[in-house]
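S.K.: Each residue of the sequence shown is one higher than the one before, counting from 1 in the UniProt record's numbering.
No lab work stands behind these hints: they were computed from the structure.
Do not take every clue at face value.
[What the hints assert, rightly or not] Cross-link-like lysine to any residue pairs, in silico, SDA-like; alpha carbons within 20 angstroms at most:
#1 Lys84 with Ile74
#2 Lys61 with Val71
#3 Lys49 with Phe27
#4 Lys84 with Asn73
#5 Lys81 with Val71
#6 Lys81 with Trp91
#7 Lys49 with Asn60
#8 Lys61 with Thr19
#9 Lys49 with Thr19
#10 Lys81 with Val70
#11 Lys81 with Met69
#12 Lys49 with Arg25
#13 Lys61 with Phe27
#14 Lys49 with Asn22
[Unchecked claim] Label pairs and their computed distance ranges (CB to CB):
#15 Met93 with Phe65: 53 to 59 angstroms
#16 Ser62 with Met85: 48 to 54 angstroms
#17 Phe88 with Gly24: 50 to 56 angstroms
#18 Ser20 with Val70: 43 to 49 angstroms
#19 Pro53 with Ser13: 22 to 28 angstroms
Beta carbons: idealized from backbone N, C-alpha and C, even for Gly.
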Amino acid sequence: MVNVLCSCGCATSIRTSWTSANPGRRFHCCVAECGFVSWSDPPMCPRAKSVIPGLLVSLNKSQEFGATMVVENIGMGMQNKRLKMLLFLSWCMFITYLLF
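Make a model of the complete structure from these sequences and hints.
M.R.: Structure, rendered in structure tokens:
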């Protein structure tokens, strides 16, 4: 990548646009926030502009679902541990009943 200086002479940083008009397109902007913006990537084709937002929505839903499943898995693990303990205690009581 080429270092780009803005019109005020400051360095620029590269950011990514997530607007529907330019999804995923990178641009240079001034770190001093003088308003300078210059595109780093070439324009996208219309097909990419229409497909990328849908893919991002799908990705976000998948990540949310994954996070939900992690929480649910932790809860199920705790429930499984409690049930194993109850099973063990019930067997202990059953053996105690048989012996006495």
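S.K.: Does each hint fit the structure? Answer for all of them.
M.R.: Comparing the hints with the structure gives:
The suggested pairing of Lys84 with Ile74 holds, with an alpha-carbon distance near 15 angstroms, which does not exceed 20 angstroms. This hinted pair checks out: Lys61 and Val71 have alpha carbons roughly 16 angstroms apart, not beyond 20 angstroms. Between the alpha carbons of Lys49 and Phe27 the distance comes to roughly 16 angstroms, so the proposed pair stays at or under 20 angstroms and holds. A distance of roughly 16 angstroms separates the Cα atoms of Lys84 and Asn73; the hinted pair therefore holds under the 20 angstroms criterion.
With a C-alpha separation of about 16 angstroms, the suggested pair Lys81 and Val71 falls inside the 20 angstroms cut-off, and the hint holds. Note on Lys81 and Trp91: the hinted pairing holds, with a Cα-Cα distance of about 15 angstroms set against a maximum of 20 angstroms. For the hint linking Lys49 to Asn60, the alpha-carbon distance of about 17 angstroms falls within 20 angstroms, and the restraint holds. The hinted pair formed by Lys61 and Thr19 meets the criterion: a straight-line CA distance of about 18 angstroms does not exceed 20 angstroms.
Among the hinted pairs, Lys49 with Thr19 is consistent with the structure: their alpha-carbon atoms are about 10 angstroms apart, no more than 20 angstroms. Between the alpha carbons of Lys81 and Val70 the distance comes to roughly 17 angstroms, so the proposed pair stays at or under 20 angstroms and holds. In summary, the hint linking Lys81 to Met69 is supported, as the alpha carbons are separated by about 18 angstroms, within the 20 angstroms threshold. The suggested pairing of Lys49 with Arg25 holds, with an alpha-carbon distance near 10 angstroms, which does not exceed 20 angstroms.
A C-alpha spacing of about 27 angstroms is found between Lys61 and Phe27, which places the hinted pair above 20 angstroms, so the restraint is violated. The suggested pairing of Lys49 with Asn22 holds, with an alpha-carbon distance near 7 angstroms, which does not exceed 20 angstroms. In this structure the hint that Met93 and Phe65 lie 53 to 59 angstroms apart at CB is violated, the actual value being about 41 angstroms. The hinted range of 48 to 54 angstroms is not satisfied by Ser62 and Met85, whose Cβ atoms lie roughly 35 angstroms apart.
One distance hint, 50 to 56 angstroms for the beta-carbon pair Phe88 and Gly24, holds here, with the actual separation near 54 angstroms. In this structure the hint that Ser20 and Val70 lie 43 to 49 angstroms apart at CB is violated, the actual value being about 30 angstroms. Judged by the Cβ atoms, the range 22 to 28 angstroms given for Pro53 and Ser13 holds: they are separated by roughly 24 angstroms.
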